[in-house]
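J.: Sequence:
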Amino acid sequence: MNIGIDHGYYAIKTRHCSFPAGLTAYGSHEPYTRQGLLESGGCFFVCGTGRQPIQRDKTINDNYYLLTLAALAQEIRSRGAPTECTVRIAAGLPLTSYGRDKPKFRSYLLRPSQPVQFRYEGVEYSITIADVQLFPQGFAALMAEPDLLTDEPSLLLMDIGGWTVDLMRIDNALPVAETAHSLELGMIRCIDEIRERVRQETGLSLTDAQIEQILAG
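Numbers in our numbering are just positions in the sequence shown, counted from 1, shifted up by 303.
In short, the hints are calculated from the structure, not lab data.
Quick caveat: nothing in here was measured; it's all calculated off a predicted structure.
Ideal Cβ positions, reconstructed from N, Cα and C, are used throughout, including at glycine.
A portion of the hints provided could be inaccurate.
Said to hold, decoys possible - Label pairs and their computed distance ranges (CB to CB):
1. 488 x 413: 27 to 37 Å
2. 346 x 476: 42 to 52 Å
3. 321 x 484: 36 to 46 Å
4. 475 x 321: 33 to 43 Å
5. 346 x 406: 20 to 30 Å
6. 515 x 381: 15 to 25 Å
7. 504 x 482: 30 to 40 Å
8. 337 x 513: 48 to 58 Å
9. 505 x 407: 36 to 46 Å
10. 512 x 318: 19 to 29 Å
11. 472 x 381: 32 to 42 Å
12. 389 x 451: 32 to 42 Å
13. 504 x 481: 23 to 33 Å
Construct all of the structure, not just a fragment, from the sequences and the given hints.
T.: Written out as structure tokens, the structure is:
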């Protein structure tokens, strides 16, 4: 089956699931909760709690690989699919670093030891990752709305992510590569600045969850 995963700085998303891109390691000791609990390689991890430090290179450690396993488990459960299965992962990379990061990120997710065996929230999974396909994020999503490309001679593609906002102009349905750039003005920066402004003006300390609820209306 095909499973799309958005490996965001702020959240991990699939078609049916979304959870914060936080990971807490507990070593060989079982933690207090089974919610988001991943067991891999004899170690315990709780996925989806808090926020991990920004990793500009997501392949620098196993955090995003472990979050990928949690995302696969959640999506498979949502689809009612077997816990022993073969999947193809589709994922996105930023416009400005797509070509540079593609080989490394594909190797990071597509590891030679298959199937991948782990336990998530008490359920055993045996998943064979048959392939990983990577796409330029934002522009790939635009392909779901092809009429936008035919109706406008020029438009600005804006992908608002957790850490960055990626921009690129599209003229006559063709991306203008030299206009692609990335600004570190994503939702993490937005929420941090909201929190600090509220603290300065009211003395109150808001959590991410409270700010998200306000932004969502």
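J.: Evaluate each hint against the coordinates.
T.: Hint-by-hint comparison with the structure:
no. : hint                  : result
1   : 488 x 413: 27 to 37 Å : holds, 32 Å
2   : 346 x 476: 42 to 52 Å : holds, 48 Å
3   : 321 x 484: 36 to 46 Å : violated, 27 Å
4   : 475 x 321: 33 to 43 Å : holds, 35 Å
5   : 346 x 406: 20 to 30 Å : holds, 28 Å
6   : 515 x 381: 15 to 25 Å : holds, 21 Å
7   : 504 x 482: 30 to 40 Å : holds, 37 Å
8   : 337 x 513: 48 to 58 Å : violated, 26 Å
9   : 505 x 407: 36 to 46 Å : holds, 44 Å
10  : 512 x 318: 19 to 29 Å : holds, 23 Å
11  : 472 x 381: 32 to 42 Å : holds, 36 Å
12  : 389 x 451: 32 to 42 Å : holds, 35 Å
13  : 504 x 481: 23 to 33 Å : violated, 41 Å
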